[in-house]
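Kindly produce the complete structure, drawing on both the sequences and the hints.
If you read the sequences in order, they're chains A and B.
Under our numbering, the first residue of the first sequence carries the number 1, and numbering increases by one thereafter.
Under our numbering, the first residue of the second sequence carries the number 1, and numbering increases by one thereafter.
Treat the hints as calculated values from the structure; they're not laboratory data.
By construction, the Cβ of each residue, glycine as well, lies at the ideal position given by its N, Cα and C atoms.
Possibly wrong hints are sitting among the right ones.
[Said to hold, decoys possible] Pair by pair, the computed Cβ-Cβ distance ranges are:
{"id": "1", "chain 1": "A", "residue 1": "Ala53", "chain 2": "B", "residue 2": "Pro142", "range": "16 to 26 Å"}
{"id": "2", "chain 1": "B", "residue 1": "Gln145", "chain 2": "A", "residue 2": "Pro52", "range": "14 to 24 Å"}
{"id": "3", "chain 1": "A", "residue 1": "Phe49", "chain 2": "B", "residue 2": "Glu121", "range": "38 to 48 Å"}
{"id": "4", "chain 1": "A", "residue 1": "Phe124", "chain 2": "B", "residue 2": "Glu121", "range": "29 to 39 Å"}
{"id": "5", "chain 1": "A", "residue 1": "Thr134", "chain 2": "B", "residue 2": "Ser136", "range": "50 to 60 Å"}
{"id": "6", "chain 1": "A", "residue 1": "Leu158", "chain 2": "B", "residue 2": "Val80", "range": "57 to 67 Å"}
{"id": "7", "chain 1": "B", "residue 1": "Arg90", "chain 2": "A", "residue 2": "Leu158", "range": "52 to 62 Å"}
{"id": "8", "chain 1": "B", "residue 1": "Val46", "chain 2": "A", "residue 2": "Thr134", "range": "38 to 48 Å"}
Residue-level listing of the chains:
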Amino acid sequence: MKKSEIRLYINRFLLILGLSIAAVWLVSELGILLQQDENTARAPMMVEFVIPAGTAAKVEAGEAAPSIPDDLTFVLGDVLVVRNDDAVAHTFGPLLVPPGTSASMPLNEADHFSFACSFTPSRFIGLNVKSPTTVTTRFLGIAFAAPPTAVMIYVYSLIVFPFKPQAESGAVPSKSGS
Amino acid sequence: MKNLRTLLIVGGGLMVSVAALFLALQLLEGDKSFRGSMIEPSPPAVDFQLSQADGTPLKLSEQKGRVVLIFFGYANCPDVCPTTMAEYKRIHSQLGDEASQVDFVFITVDPNRDTPEAIGEFVHAFDPSFIGLTGSMEELLPVWQGYWVGRQEPAHEASALDYEVNHVAYIYVVDKEGRLRLFFPYGQTAEDMTHDIRVLLAE
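Below you can see the structure in the form of structure tokens.
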């Protein structure tokens with residue numbers, strides 16, 4: 001195989017690699033846009049909830065409890081803090097919070113957890129702990145997905161649009177169909 | 001040019017030294033943040049005195065200077081209690097010699113069936129140093145209340161032996177000063193709990 005032929009193969013691969021990176025990046029951005037409401041594209045932080053005074057009495061009387069959704073999404077490394085201003089102890093997810101105290105716990109495992117909760121209407125609460133979507137994770141995602149995508153398309157392109165065999169005169173091979 | 005080279009060498013050396021110092025400090029300091037659920041401000045742990053398997057009493061306030069782990073359960077429990085005792089055993093093993101500074105306490109929520117002998121047999125099956133505590137309903141009620149122990153026993157005949165008791169599944173951690181510092185929710189790994197206990201022992 002001549003140098004000019006090798007260059008053709010390399011050029012096609014580089015072109016496909018560039019297009020694959022662009023396509024994977026586009027899909028990645030779309031995915032992030034679709035899950036933006038879960039707000040995992042941020043660094044870990046402290047997430048605090050407050051149980052107001054009188055909550056247990058309100059729940060006992062069938063009145064509205066603090067408006068906390070039944071399913072909460074966190075980023076891996078977030079610290080869940082619950083302050084209990086009520087006169088009785090409450091359970092909130094993995095936390096047992098004595099009256100007049102705050103309980104805090106780092107969320108170090110990415111998973112979906114279901115816990116008892118002493119004041120939500122269902123008496124249960126779901127904690128969805130996800131790995132944060134940072135610039136690094138996005139870059140790694142593209143770095144891991146783009147090369148195999150490019151290789152796959154490249155092989156496909158060689159089968160569907162093969163280079164014509166080079167003429168004996170030494171002319172540069174031309175692409176089929178062109 | 002020579003000055004610039006000297007400056008670069010000195011500057012580079014300084015940066016490497018600062019980075020090495022920072023790394024060394026981090027390694028020396030270790031990870032002192034808790035992995036369990038931390039309570040602030042830490043309330044004093046409610047004192048109690050209950051009977052051990054051999055009939056001798058154990059008073060919590062006399063355990064100052066030691067870290068005390070407390071779990072509420074019962075010997076006939078089919079799942080959570082034996083699992084938690086197995087975690088106790090793993091923590092005990094991971095602590096090694098430091099385990100001698102920790103009390104592994106199991107308090108019954110089923111005094112009807114958990115006689116001192118029965119609870120002793122249950123906890124000692126995991127480790128002879130584990131402490132099983134029981135008492136009368138009058139002795140236990142204030143302890144359960146003091147530790148917010150939710151407990152539901154189904155209606156049954158007084159002589160019945162085949163029933164299950166619903167109960168909380170936290171491990172309560174009392175520090176060397178007698179303050180309630182941490183809770184470990186059910187499912188927390190033994191490695192995390194051992195880490196936190198070591199932090200408390202080092203205080």
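Structure-based check of all given hints:
{"no.": "1", "hint": "Ala53/A to Pro142/B: 16 to 26 Å", "result": "25 Å, holds"}
{"no.": "2", "hint": "Gln145/B to Pro52/A: 14 to 24 Å", "result": "23 Å, holds"}
{"no.": "3", "hint": "Phe49/A to Glu121/B: 38 to 48 Å", "result": "43 Å, holds"}
{"no.": "4", "hint": "Phe124/A to Glu121/B: 29 to 39 Å", "result": "36 Å, holds"}
{"no.": "5", "hint": "Thr134/A to Ser136/B: 50 to 60 Å", "result": "57 Å, holds"}
{"no.": "6", "hint": "Leu158/A to Val80/B: 57 to 67 Å", "result": "60 Å, holds"}
{"no.": "7", "hint": "Arg90/B to Leu158/A: 52 to 62 Å", "result": "56 Å, holds"}
{"no.": "8", "hint": "Val46/B to Thr134/A: 38 to 48 Å", "result": "44 Å, holds"}
The structure meets every hint from the earlier list without exception.
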